Amino acid sequence: MGSEIIVVIVVATALIFDFTNGFHDTANVVATSISTRAMPPRVAVGYASILNFVGAFISLEVAATVAKDVVSVNANSIGLLAVFSGLVGAIAWNLITWYFGLPSSSSHALIGGMVGAVFVAEGAENVFFQEGIIGKVMVPAIVAPVLAFIVGGLAIVFLYRITGRLRPGPVTGGFRFGQVISGGLLALAHGTNDAQKTMGVITLALVANGTIAEADFHVPDWVVISSAAAISLGTYVGGWRIIKTMGSRIHKMDAAQGFAAQGAGSTVILAASHVGFPLSTTHTISGAVIGSGAAKRLSAVRWGVAGNIVIAWILTLPAAAFIGGLTFLITRLFGTGAVGPIVVSAAILTGAAILFARRSREGVAPGVVPVTGSPPA
Amino acid sequence: MIATVVDWDAILQVIWVSLLAGVGVTAAYGFALLGSTRALQSGREGRLGGAISYAVVGVLGLAIVIGAIVFGIVILTGD
Numbered sequence: 001m002g003s004e005i006i007v008v009i010v011v012a013t014a015l016i017f018d019f020t021n022g023f024h025d026t027a028n029v030v031a032t033s034i035s036t037r038a039m040p041p042r043v044a045v046g047y048a049s050i051l052n053f054v055g056a057f058i059s060l061e062v063a064a065t066v067a068k069d070v071v072s073v074n075a076n077s078i079g080l081l082a083v084f085s086g087l088v089g090a091i092a093w094n095l096i097t098w099y100f101g102l103p104s105s106s107s108h109a110l111i112g113g114m115v116g117a118v119f120v121a122e123g124a125e126n127v128f129f130q131e132g133i134i135g136k137v138m139v140p141a142i143v144a145p146v147l148a149f150i151v152g153g154l155a156i157v158f159l160y161r162i163t164g165r166l167r168p169g170p171v172t173g174g175f176r177f178g179q180v181i182s183g184g185l186l187a188l189a190h191g192t193n194d195a196q197k198t199m200g201v202i203t204l205a206l207v208a209n210g211t212i213a214e215a216d217f218h219v220p221d222w223v224v225i226s227s228a229a230a231i232s233l234g235t236y237v238g239g240w241r242i243i244k245t246m247g248s249r250i251h252k253m254d255a256a257q258g259f260a261a262q263g264a265g266s267t268v269i270l271a272a273s274h275v276g277f278p279l280s281t282t283h284t285i286s287g288a289v290i291g292s293g294a295a296k297r298l299s300a301v302r303w304g305v306a307g308n309i310v311i312a313w314i315l316t317l318p319a320a321a322f323i324g325g326l327t328f329l330i331t332r333l334f335g336t337g338a339v340g341p342i343v344v345s346a347a348i349l350t351g352a353a354i355l356f357a358r359r360s361r362e363g364v365a366p367g368v369v370p371v372t373g374s375p376p377a
Numbered sequence: 378m379i380a381t382v383v384d385w386d387a388i389l390q391v392i393w394v395s396l397l398a399g400v401g402v403t404a405a406y407g408f409a410l411l412g413s414t415r416a417l418q419s420g421r422e423g424r425l426g427g428a429i430s431y432a433v434v435g436v437l438g439l440a441i442v443i444g445a446i447v448f449g450i451v452i453l454t455g456d
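Residue numbers (the working numbering), protein chains in the order written: chain B, 1 to 377; chain W, 378 to 456.
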């Protein structure tokens with residue numbers, strides 16, 4: 001019975017993480033379409049939410065990587081507590097970075113949290129540092145944003161060459177229509193890569209609980225549907241926050257740049273999803289936006305954002321791993337039953353409520369960080 | 378060590394697919410815009426030959442975009 005309660009807590013925690021992922025990433029997905037006026041904000045948010053949901057169904061390669069290739073857990077209560085602690089590590093790091101305005105990546109935090117918790121709980125032999133972490137997480141984490149930068153830059157150079165002599169009116173209209181397609185693909189790509197990470201973690205918990213045999217690995221349908229729904233709902237709810245803050249914080253890019261950036265971001269994320277690389281979608285989309293801006297005018301790019309991505313690369317994995325490992329040790333103080341996860345969940349919820357309340361009192365709305373244009377006034 | 382633990386085939390696949398799809402499809406859409414805009418302009422000016430040529434460019438560009446998206450989704454859903 002105790003392990004069933006832990007499974008329920010892990011699934012609920014994973015879905016909350018998935019929801020916050022969608023909530024946080026809405027800006028990345030819809031900002032370009034809204035800033036170029038390709039779509040009205042409400043339409044863009046609803047559209048992204050639906051395609052996030054659909055995207056979660058088109059592939060399971062990333063889920064398999066997260067569940068099998070990064071860490072493995074034994075089918076016992078320790079394994080289950082490790083999965084729970086990894087999730088808490090990721091959520092706690094996301095909350096801390098959100099509160100202090102530090103750059104982060106939900107995806108890297110999730111993987112870091114899992115690695116730290118499993119390392120402490122099960123030992124180094126259950127963490128696949130080489131093929132898993134270096135081969136499938138860290139190298140793609142570096143390649144993807146750089147590739148998106150190059151693709152976004154090349155794409156806009158070609159677009160300006162092909163359409164540069166046409167009258168601006170019809171061309172802008174054409175690119176705005178194109179952004180309906182490219183923005184949709186970006187939302188689809190985001191749903192595909194990010195929702196699968198949650199599916200992978202829930203499946204890992206089911207393996208630890210003995211519900212799924214490791215030899216018979218599969219992602220149950222209810223896991224796919226619930227993860228898709230959570231990220232989709234998060235995107236929708238997060239969108240309303242973005243709509244409120246959009247006016248002052250997004251800087252205009254032209255429709256061709258928006259189209260090129262969205263096309264570059266979505267192709268890199270979809271190609272990586274096909275081979276099972278769990279990427280930071282935020283970093284990849286930022287790389288594409290910076291690339292499309294840099295190709296037009298180097299000074300238009302806020303290079304500080306690129307620096308933030310590098311800082312996030314360096315900080316997120318070890319910090320989330322540390323918190324994940326520490327969370328396991330704290331949870332373990334209460335034994336191997338459900339008491340530890342209940343106490344830790346209550347603590348993290350209380351901590352989150354305090355941070356949200358303090359942020360609200362300070363009146364600082366976390367919003368969209370523009371990567372091109374001038375700094376906000 | 379990195380050379381042996383990284384699945385370079387997968388990385389290279391991501392790189393060439395992204396370059397081909399990201400740049401190629403975007404450029405194809407550019408040609409679709411070029412073709413349709415110039416076809417309308419040529420038609421208004423009574424240059425039928427030019428209008429037809431540009432319309433073909435536009436239709437081809439759009440066909441490449443639609444074909445690439447459908448092909449990509451079919452490949453992904455086959456995972």
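Because the hints were derived from the structure by calculation, they are not lab data. None of the values given here were measured: they were computed from a predicted structure. Be a bit skeptical, because a hint or two may be false.
The calculated label-pair distances, taken between Cβ atoms and stated as ranges, are [claimed, not checked]:
#1 B:Glu362 x W:Ile443: 44 to 50 Å
#2 W:Ala380 x B:Leu355: 41 to 47 Å
#3 W:Gly444 x B:Leu355: 46 to 52 Å
We put the beta carbon where it would ideally sit given N, CA and C, even for glycine.
Hint-by-hint comparison with the structure:
Hint check: B:Glu362 to W:Ile443, Cβ distance near 49 Å, so the stated range 44 to 50 Å holds. Between W:Ala380 and B:Leu355 the beta carbons are some 43 Å apart, a value that agrees with the proposed interval 41 to 47 Å. Roughly 48 Å separates the CB atoms of W:Gly444 and B:Leu355, a value that falls within the hinted 46 to 52 Å.
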